[in-house]
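Residue numbers (my numbering), protein chains in the order written: chain A, 1 to 243; chain B, 1 to 358.
These aren't lab readings, by the way, just hints derived from the structure by calculation.
Wrong hints could be hidden among the right ones.
Beta-carbon label-pair distances, calculated as ranges [to be verified]:
(1) A103/A to T49/B: 50 to 60 Å
(2) F282/B to Q218/A: 42 to 52 Å
(3) S177/A to A149/B: 17 to 27 Å
Derived lysine-lysine pairs resembling BS3-like cross-links, with alpha carbons at most 27 Å apart [stated by the list, open to error]:
(4) K159/B to K138/A
(5) K31/B to K309/B
(6) K255/B to K138/A
(7) K140/A to K159/B
(8) K159/B to K181/A
We treat Cβ as the ideally placed atom computed from N, Cα and C, and that holds for glycine.
These are the residues of each chain, in order.
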Amino acid sequence: MADDTKPEGTQPASPAPATPVAAAHAPRPAAPRPPAVPLPDLAGKTTTAASLGGGAAKAAAAPAKAAAAATRDPDDMSPLLTRRAWMGLAWGAFTAASAAALAATGRFMFPNVLNEPPQQFKAGFPNEYGMGVDERWKEKFGVWIVRTPDDLVQRASGFYALLVTCTHLGCTPNYLSAEGKFKCPCHGSGFRTTGINFEGPAPRPLERARIVLADDGQLLVDKARKFQWELGQWADSEAFLRS
Amino acid sequence: MGLLKGTINALADPRLYFIVAVLSLIVMVWKREKVASNAFGYSMMGLLTAFFVFGAFDPNFQLIIGKPDNVPIIGLIFSLLFLTWYAMREAVRNDRRIAAGKGPIEKEESDRVWVWPDLVYTELISLVVCSVILIVWSIVLKAPLEQPANRSVTPNPSKAPWYFLGLQEMLVYFDPWLAGVVLPGLIIVGLIAIPYIDKNPKGNGYYTFNERKAEIVIFLFGFVILWVSLIVLGTFLRGPNWNFFGPFEYWDVHKLEALVNVNLSEYIWVRALRTGLPGNWFLREIFGILFVIVYTFALPPILAKSAFKKYYEKLGPPRYYVTVFLFLMMMSLPAKMLLRWLFNLKYIVAIPEFFFNI
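Okay, chain A solo, but in the shape it has when bound (with noise of 0.2 Å):
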């Protein structure tokens, strides 16, 4: 097959169906390709067809095209598209199709549904808790509520509820009664019950949420809002509870 193409070198890009039938006829030092020889019709097809007609057919043909582009020439190769056309088209498709995929991840991000509990709940009255921690909320909620004779910061007896969760990483202490710590399995941190770290890498204590007495005289936490002990907002008066 190389071989017998050999001869034809002069017309590099001849295509490739009507290549076996030309080589194996066509007699040995190549003529001309007479122009009867049958050809499919690639026109468009392909933009190495644009090659076969040379740039004069090329340069014939578009004075036609622009006359009458629905009648086209059935001998006309030239491509329907231009390489920088089919180029942009190509680029243009795969932009489109990227940004509907990241439309599509950026819409994942809000689901019609939220299966978890709400950031506001009721924790009963207060006369319900006992002095010290109280884990009973922990694993629907995601809170710690602490009934103190002392707070650290106001100064008074009252409750206040710690977030859950780990300020170093995010990951959830377990509360160990007998220490009196809120001990982080993950990296080792350290708690006091107030919230304040103490040991391992945590750079900064619980959060605390806020916590108000409701209408009908339970307990009200609201996780949505958050106070830092190391911006002092454990001395707003929503931070704490006083009983």
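Position chain B relative to chain A; hints supplied.
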């Protein structure tokens, strides 16, 4: 028996563990002529095997080595020690040849490559052996699946996948963005780049130690000590609440350890100067900030004039400063670990106001 276990438990204290690891690296490099002997290699592997066989009778150790998660680590200990020793042995042999003027053994037949049947048979056998191991492994050891994820329950201890245990150990000493992103990135870049920053053309394509001493020692320290030995430490010595436990010690959830950590600012202002912490964060952390600046920017020129003088003259300023910066960043990890272990130092610079801690 109890005494032996007690000794091993005591040696597993992180300070001792780390010092022993560094010392064994130093001894391996220093006494490499002896380490390179076959007798040493076989007795090292024999001792290691004896340790694991001995430990397998201990119920606490059994729990650790029997966990499917930890099996790769045991394989890693054996293969890594063997391969490090093997590389050292080949390097010492070549160094002897080079000293005798014969050139490295790899250059003897560098004009040909033995493919058939040597290489192909080796490949076939490796293929069969690896397939068998993987099949047996996947059948015998169950995947360590747990209950469905629950946000409010974190396993205790909560361990990263084994290849990240070194990173998790770093996270104990640093802020997440430093220990999780900056330092590992710089250490890995350093381990890759330091051998190539050097202009030394020798040691290419054959085992050698004498011709590339600094590069090999830095790499062994960064990889074997900082990466692998921290993985081993995280696997065998970290227990509930991320406390340290000896390998034969019961994992007591209520083990109490005094780990009260103190920031550098408190050490200086409160304990040394006997005043309160200044309210302004910049003033409060000025000593820590100065310390970090000195460590990063003043130490390289000082080292260039003292300890690394020869290195500086050999490499020239640009190569030297890049190398030493990467090296110092790598060394900041063990330095901080030692400061934590020895002085309970928490952060050198601690600015919780905008979450910047070093």
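Consistency of the hints with the structure:
| no. | hint | result |
| --- | --- | --- |
| 1 | A103/A to T49/B: 50 to 60 Å | holds (58 Å) |
| 2 | F282/B to Q218/A: 42 to 52 Å | holds (45 Å) |
| 3 | S177/A to A149/B: 17 to 27 Å | holds (25 Å) |
| 4 | K159/B to K138/A | holds (22 Å) |
| 5 | K31/B to K309/B | holds (25 Å) |
| 6 | K255/B to K138/A | holds (24 Å) |
| 7 | K140/A to K159/B | holds (24 Å) |
| 8 | K159/B to K181/A | holds (21 Å) |
Going down the numbered hints, you'll see the structure goes against none, and every one checks out.
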